[in-house]
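Number of protein chains: 2
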Amino acid sequence: MPYSYGVMDGRLPDGTPLGPDFALQDAADYLKVLTEGIPEVLRSSNVEGADVGSIGVDFTSCTMMPCKQDGTLLSALPEFAGNPHAWVKLWKHHAAQPQATRINEVAGERGEAFAELYGGGYSLEWFFSKVLETIEKAPEVYAAADRFIEAGDWLVWQLTGQETRSECAAGYKGMWIKGRGWPSPEFFKALNPSLENVIAEKVQGPLVPLGGRAGLLTEEMAEATGLTAGMPVAASIVDAHAAGPACSMAQSGRLAIIMGTSLCHMLLGDEKKIVEGCGGLVEDGIIPGFWGYEAGQAAVGDIYGWFFKTGLTAEIEREAAGPNMAPEDWLTEKAALLGAGQSRLVALDWWNGSRSVLMDAELSGVIVGLTLTTRPEKIYRALVEATAFGTRVVIDAFESQGVPIHDIVACGGLAEKSPLVMQVFADVTGRQILLPRSFQASGLGAAIHGAVAGGHYPDFGAAIGSMAGLQENSCRPNPAAQGVYSKLYAEYLRLHDYFGRGANDVMKRLRELRSE
Amino acid sequence: MPYSYGVMDGRLPDGTPLGPDFALQDAADYLKVLTEGIPEVLRSSNVEGADVGSIGVDFTSCTMMPCKQDGTLLSALPEFAGNPHAWVKLWKHHAAQPQATRINEVAGERGEAFAELYGGGYSLEWFFSKVLETIEKAPEVYAAADRFIEAGDWLVWQLTGQETRSECAAGYKGMWIKGRGWPSPEFFKALNPSLENVIAEKVQGPLVPLGGRAGLLTEEMAEATGLTAGMPVAASIVDAHAAGPACSMAQSGRLAIIMGTSLCHMLLGDEKKIVEGCGGLVEDGIIPGFWGYEAGQAAVGDIYGWFFKTGLTAEIEREAAGPNMAPEDWLTEKAALLGAGQSRLVALDWWNGSRSVLMDAELSGVIVGLTLTTRPEKIYRALVEATAFGTRVVIDAFESQGVPIHDIVACGGLAEKSPLVMQVFADVTGRQILLPRSFQASGLGAAIHGAVAGGHYPDFGAAIGSMAGLQENSCRPNPAAQGVYSKLYAEYLRLHDYFGRGANDVMKRLRELRSE
Chain A
19 MPYSYGVMDG
29 RLPDGTPLGP
39 DFALQDAADY
49 LKVLTEGIPE
59 VLRSSNVEGA
69 DVGSIGVDFT
79 SCTMMPCKQD
89 GTLLSALPEF
99 AGNPHAWVKL
109 WKHHAAQPQA
119 TRINEVAGER
129 GEAFAELYGG
139 GYSLEWFFSK
149 VLETIEKAPE
159 VYAAADRFIE
169 AGDWLVWQLT
179 GQETRSECAA
189 GYKGMWIKGR
199 GWPSPEFFKA
209 LNPSLENVIA
219 EKVQGPLVPL
229 GGRAGLLTEE
239 MAEATGLTAG
249 MPVAASIVDA
259 HAAGPACSMA
269 QSGRLAIIMG
279 TSLCHMLLGD
289 EKKIVEGCGG
299 LVEDGIIPGF
309 WGYEAGQAAV
319 GDIYGWFFKT
329 GLTAEIEREA
339 AGPNMAPEDW
349 LTEKAALLGA
359 GQSRLVALDW
369 WNGSRSVLMD
379 AELSGVIVGL
389 TLTTRPEKIY
399 RALVEATAFG
409 TRVVIDAFES
419 QGVPIHDIVA
429 CGGLAEKSPL
439 VMQVFADVTG
449 RQILLPRSFQ
459 ASGLGAAIHG
469 AVAGGHYPDF
479 GAAIGSMAGL
489 QENSCRPNPA
499 AQGVYSKLYA
509 EYLRLHDYFG
519 RGANDVMKRL
529 RELRSE
Chain B
19 MPYSYGVMDG
29 RLPDGTPLGP
39 DFALQDAADY
49 LKVLTEGIPE
59 VLRSSNVEGA
69 DVGSIGVDFT
79 SCTMMPCKQD
89 GTLLSALPEF
99 AGNPHAWVKL
109 WKHHAAQPQA
119 TRINEVAGER
129 GEAFAELYGG
139 GYSLEWFFSK
149 VLETIEKAPE
159 VYAAADRFIE
169 AGDWLVWQLT
179 GQETRSECAA
189 GYKGMWIKGR
199 GWPSPEFFKA
209 LNPSLENVIA
219 EKVQGPLVPL
229 GGRAGLLTEE
239 MAEATGLTAG
249 MPVAASIVDA
259 HAAGPACSMA
269 QSGRLAIIMG
279 TSLCHMLLGD
289 EKKIVEGCGG
299 LVEDGIIPGF
309 WGYEAGQAAV
319 GDIYGWFFKT
329 GLTAEIEREA
339 AGPNMAPEDW
349 LTEKAALLGA
359 GQSRLVALDW
369 WNGSRSVLMD
379 AELSGVIVGL
389 TLTTRPEKIY
399 RALVEATAFG
409 TRVVIDAFES
419 QGVPIHDIVA
429 CGGLAEKSPL
439 VMQVFADVTG
449 RQILLPRSFQ
459 ASGLGAAIHG
469 AVAGGHYPDF
479 GAAIGSMAGL
489 QENSCRPNPA
499 AQGVYSKLYA
509 EYLRLHDYFG
519 RGANDVMKRL
529 RELRSE
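Keeping their order, the protein sequence lines are chains A and B.
Just so we're aligned: the first sequence equals residues 19 to 534 in this note's numbering.
Just so we're aligned: the second sequence equals residues 19 to 534 in this note's numbering.
Misleading hints may appear alongside valid ones.
Any copy will do: because identical chains look the same in the list, a pair fits if it lies in one copy or spans two.
[What the hints assert, rightly or not] Here are the computed lysine to aspartate or glutamate pairs in the EDC-like style, where the Cα-Cα straight-line distance is at most 16 angstroms: (1) 526 with 509; (2) 505 with 530; (3) 327 with 66; (4) 435 with 509; (5) 207 with 523; (6) 110 with 69; (7) 291 with 54; (8) 290 with 302; (9) 86 with 477; (10) 505 with 523; (11) 86 with 158; (12) 505 with 490; (13) 435 with 333.
If you're looking for bench data, these hints aren't it; they were derived computationally from the structure.
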């Protein structure tokens, strides 16, 4: 289902130029997925609409937008079509750093309860950073918006005709705490006087727990999709968190890693523990009955992709042409032939900043150990190793605070397609890496949510046992490689702390140089 | 004049495999340059042999070999043809690190006078490191050798029939000190008992000063070359040092930089000052009447070459094909469009270790500041900037010790061919960079030595005034770029000291990982 406008980061459809770090979408494209995508899926899979029992929805987050009281998009109104802040702000819209900084300052001063649950700080990607950006940059959009809402919740609203909010997104991205609710009007007033009543006025709708029923499919949507009117629709779930049940996460101690352009770490704990750089901690946030911990790495597949774009030489392209391989595969094969430590390089994987544990978007990447004999496959291997060290930092942070990690389930595109990456992650973390039967983890997870919401299973445990499962083969750590990586990891950590904890803020100063 | 065997770093002509870090040559190739090269040059330049008045010889150093008393190469004897240590050890033969380390230990313990003149330490590339390697690894070669000699001195010997030693090479590479001579037998004995009498037994021949006459061309060589028997032949001069007079170095305070795969810095001083990382300090070593300071960077053009091999993507190759440019030129053009600091990167230029000022071959390269938007031209520009920072470190070391540098003359391939490199060096050093009229600086310098030795000029000053000269256009620093580079240089220095002065020896530990 190609989107009409894809990700808008240069101009709006009417030609209005966008500032740096903007990433917008048109929510009309999301509706097309329902009204054109669902019928097409039913057709191509030979499933009758009547055989579908309930619906689950997962969505990237925080992807959010302003709309009117009836769900009408502000961007669809002629008077706002040329205003960037009226459109969907995609999760990776990165223009709200000053607002996130301000939120963290105010939350710290006031001792807000949510602050400790957001690890190193409330992110520029999240809900109220984007709301605050809107009120500051486009007060007319803020004034005209009856609602600010997560795209997943908006989509469920379109399906059911009822406005609700997912506890998952509200908890992980929206400062909402189970049993406590949203932050107070005083907090929002301290951010901006006009924001005082943002919850009461613009963040409406009952909160729905995981696997809860947000509503029933409307007649209109039933007709448009080919499904049955009145079927249950589950509360929206954040895409990464949806992957949890698909990775057979039903007990504490299992780390699910969603491995794609970036990495999300999902972990269930029995207790609430404050862990450095754990980006989100929500009770019942991934699977009911557990504390759901979320951490992440801002760029992983993106770093490999960068290298495939920046480091794939013409020579490699010619070499790969012989056996008729893709240059990326050829390079990967050469990198896999190297042993642990044979690159003689160590890198910091901060090409897009550090999400966990340092929560610092202004950090950048480093490669140490380059010589005249350094070849592209060595650099590529060092980048893979660096991303695995990044995950080990996350694991160590959890375990040092008493949140144990017994094994790892990896899903997402990298888990499916890169045995080299999986082996390096196993060797570096010293843990077995299991793979789910289905790599469409977020989609399967959303279906599990839908099945629970539809009453097809009594609880998540039963749904997971029936609908999810793991592959028989797994990736086990190689003891010799583990030994070398222990040493390399010590080097990584030393550089991590030197560049990341204030001893040398060169990365921040380099960013400033640009703007002179 | 293509060499039959070029640089031998894998096998000897008979197939004997060579160890890592070996770099050998066959001196028979050098003779071909005389007997085939000189006649060809005379022919192609329409110069009569009788019109040539004297000969100067420059040579890389320390390139040395063992030979018999009559100059016969040990490698030419059947019993030694399969012994790597019987061949010419090229300057970049790098297998004598343990021997260099031992020499520095013993020299330090004994307080040898030469030690302070060799900056951070006597190099693994130099004369007695290679001799000590031979006696330890191949005592039979040491025993059979009547002489160990610099290749330049050996070549002069072939021309004149008289064995002499150049004060230049002896001073810069051989521990010899003007007015004091060679180190004592006790010193050599402390290195290895069998080495006690190495000077008396195997390092014969009178020392000849710069521009001095080593001998006269023999009948046999006159016939072979087409030149006139009996013409004066100057003492051999190290190639980099030969460039000095060609760069119009006739007063103190002028820094000549020979810019190629590596960089040599040549400077005249009025006094003897001990400067950190100044690789050599020899009285009358570059131009008589001055103290000749030598420093260097182990890899400069080599780093650019590495990047052209490792970082030139297929995409760049395709882009360059449009305007029918070499990909290297296309990348250089893009890098030149970036301003100072716009790469947002800072690198340490230690791809082949650090010669000056740290004198540590085990250091390696670093790039800091990589992001998903880092493009190849940014990396290339950062590498050029890093090499310029390396030169600024050298300049600062000299000036901090009271050896002033007023201007710079750059020669060598990079000076001739890369305006981008020249401009960055001017901006980073804050100094005007002058260019010589002839970029064949070492060749012209050798000719100046020959002219002085031949009595065609009374002294170097007169010869330089007549034979050398500078171009009218020069490269001047841009004040705005200078300001940005002052800040970036501070970053470079901070990283330089962190990785280079013991705070984090990660580079050395990475090297060790390899050997596990």
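Now the hints, each set against the structure:
1. 526 with 509: Answer is between; shortest inter-copy Cα gap is 11 angstroms, intra-copy 22 angstroms.
2. 505 with 530: between (34 angstroms within a copy, 11 angstroms between copies)
3. 327 with 66: For residue 327 and residue 66, neither the intra-copy (43 angstroms) nor the inter-copy (57 angstroms) Cα distance is at most 16 angstroms.
4. 435 with 509: Neither: 29 angstroms inside a chain and 40 angstroms across chains, both beyond 16 angstroms.
5. 207 with 523: Neither, since 33 angstroms and 51 angstroms both go past 16 angstroms.
6. 110 with 69: neither (36 angstroms within a copy, 76 angstroms between copies)
7. 291 with 54: Intra 44 angstroms, inter 82 angstroms, cutoff 16 angstroms: neither.
8. 290 with 302: within (11 angstroms within a copy, 76 angstroms between copies)
9. 86 with 477: Neither, since 35 angstroms and 92 angstroms both go past 16 angstroms.
10. 505 with 523: Intra 25 angstroms, inter 13 angstroms, cutoff 16 angstroms: inter-copy only.
11. 86 with 158: within (13 angstroms within a copy, 93 angstroms between copies)
12. 505 with 490: Result: close neither inside a copy nor across copies, 31 angstroms intra and 56 angstroms inter.
13. 435 with 333: neither (24 angstroms within a copy, 25 angstroms between copies)
Of the numbered hints stated above, those contradicted by the structure are hints 3, 4, 5, 6, 7, 9, 12 and 13, listed in ascending order.
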